[in-house]
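Asks: In case you want the letters, here they are:
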Amino acid sequence: MRAVEDALGIRVPENARIIRNLLGGIQYVQDHVIHFYHLHALDWVDVTSALKADPADTAELAQSISDWPKSTADYFRGVKDKLSTFVGSGQLGPFANGYWGHPEYKLPPEANLMAVAHYLEALDWQRDVIRVHAILGSKNPHPQTYLVGGMAIPIDPDSESALNADKLALIRKLFARAKEFVEQVYIPDLLAVASFYKEWASYGEGLGNFLVYGEFPDAAGKYLFPAGAIFDRDLSTVQPVDHQKINEYVSHSWFDYSDGDQAAKHPWEGETEPNYTGPRPPYEFLETDGKYSWVKAPRYEGKAVEVGPLARMLVAYASGESRAKELVGSALDTLEVGPEALFSTLGRTAARGLETVLVAEQLEPWLDELATHIADGDLKVHNGELWDPDTWPSEAKGWGHCEAPRGALGHWIHIVNQKVANYQCVVPSTWNSSPRDARGQMGAYEASLVGTPVSDPEQPIEILRTIHSFDPCMACAVHVVDVQGRELTRVHLDGSM
Amino acid sequence: MVLGLGNILMRDEGIGVRAVELLAERYEFPPEVQLLDGGTLGLNLLPYVEDADRLLVIDAVHVGGEPGTVVRLESEEVPAFLGVKISPHQIGLADLLAAARLRGRCPRELVLVGVQPGVIDTGLELSPPVAAQVGALVEAALSQLSRWGIEWTMKLLPEKEGDDRWK
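First to last, the sequence lines map onto chains A and B.
For the first sequence, our numbering assigns the number 1 to the initial residue and increments by one for each residue that follows.
For the second sequence, our numbering assigns the number 1 to the initial residue and increments by one for each residue that follows.
Mixed in with the good hints there might be a few duds.
Here are some, though not all, of the chain B residues that point toward chain A, as calculated from beta-carbon distances under 7 angstroms [as the list claims (entries may be wrong)]:
1) Pro47
2) Gly65
3) Leu102
Ranges of calculated distance between the beta carbons of each label pair, as one might list FRET restraints [to be verified]:
4) B/Glu25 with A/His142: 30 to 38 angstroms
5) A/Asp124 with B/Ala136: 37 to 45 angstroms
6) A/His142 with B/Ser143: 27 to 35 angstroms
7) B/Asp121 with A/Pro389: 31 to 39 angstroms
8) A/Cys402 with B/Arg105: 48 to 56 angstroms
9) B/Glu74 with A/Ser138: 31 to 39 angstroms
10) A/Gly338 with B/Ala24: 54 to 62 angstroms
11) B/Gly135 with A/Asp390: 44 to 52 angstroms
Read the hints as simulated data drawn from the structure, not as lab findings.
Quantities reported herein were computed from a predicted structural model and do not represent experimental measurements.
Just so it is clear, CB atoms sit at the ideal spot from N, CA and C, and this is done for glycine as well.
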């Protein structure tokens, strides 16, 4: 959508810009909370240990870190009883694959019980807050109201079926609920859990190169998360982003390029010709000297970069954004660690929480801005001037970009004679999970695992911690093989939606 | 609640969704019956499962029989079977049911009608042995609803040319 708008030079009305921020913003908040509680927390929280917790001590712990009104001894006793019945039944469902009792779990039983209680709370909370998508987008998880030139949701204070004052009031209520949970539950839990795992501030760094396209534009076009690139951990220099510096390699990917597989192609010239040359599945061994992945290897200025929450918070921090600096500074103070701790598994997981605060704080102001426009009689949500393809030039190229919750997302389009001649997407997990390029450079996941200690190769929880810290958007498998090439274990990681 | 699960982009994997589509297209149900294409939404379906008084799941299940074999499982059998990975969706559905149970909000009754998939690979078409059983699967779902005392009626629809989903 933004790729076509860029190609044709379409400006979307202010209301459409705001509604896109609202939809994208609540998506961040919901997605990040789900990631923390339902996908990542179990790497740090031992569910079975929670059964040993004292509910009164748990309440005391919870009240010491947050004003969340539910944190009473009775409440935690109720959760513990439920959990106990559940574990006793032997059917663990979402908890079936945990490495329970692993010595790498460091939380006391009370912290584990608190986290399990909030795991359950988050299930209800996320269902509520994402109703904003149903109101503005008509459907979740795939909103239907995005349109080239704006949005398809009508605004009309006098219509039941359009966006009106009642719906704005409901959205406001849901935003308040979203922000309250982030501030009173998610962030206190995140910091409490992190304080028991500070050694993870020195593992999982990865590349030290970061890329952000920028997102959540205001009326002047300034981004809440500024665009920029950081190289070699150098926070003193944020470079401007030029999409022409992006190229993709397929030297280790199961695709062919017409001018040879060592070539680097900008997405406008991109080619996606699958050519599987790997072994016939199911296979036990993959030769990584040749092609070994369905993921291409995107590079910026020839360098592998990390995208996502850590990249966004670092670029915002290094660009001198005051609220980002405040949030990062306060988290570092609470954990009593220096800024170098940011370049780590823990830093990545913390950055996701901090940017959730940043976005959650903007939801209401954005809604106010929209309400003001409506009050002033500005109901426009779509610019249809170039709706008819006959109004288009015979050839146009565009680059649409956004910051998805998982990171920088780019779409490139080439339109010839009103038809799509080429369309390429480079998605966040392509950057982070990329295989090696023609020069043998590692992608972010691979680099982040170098040097990670694994105490028990049969239960490589340390690997899960780092890979999950990226919020992978794919199912992948980790095989741990010893130096003789014997496989010790394999672990499957399932991405979320 | 009649919940069809599956990924329609993976051929037989999408049989549950196809069956719910047919139920919606061909039959009338009283207002308390809700039909839902659950796709592959996993935990996002939790509120629907928790709000259901009785839950009928339609899904592809690995029962080890010939492709197209129709099975019916009820209450405790469902998650127990899921525990041994008979459904390609076992993670999603098993998690869903376990999470509902953990929260003490399980449906009063739970039945799964399923069919053994033949081909699970990228594509929109059902494989012939599974396609041949769509009618039987829909019948199994309808007879379960009857057993629950739900009165359904067939819609009067003109025969569509080329629609051989029943044959």
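Asks: Can you name, in rising order, the numbers of the hints this structure does not satisfy?
Replies: 2, 4, 8
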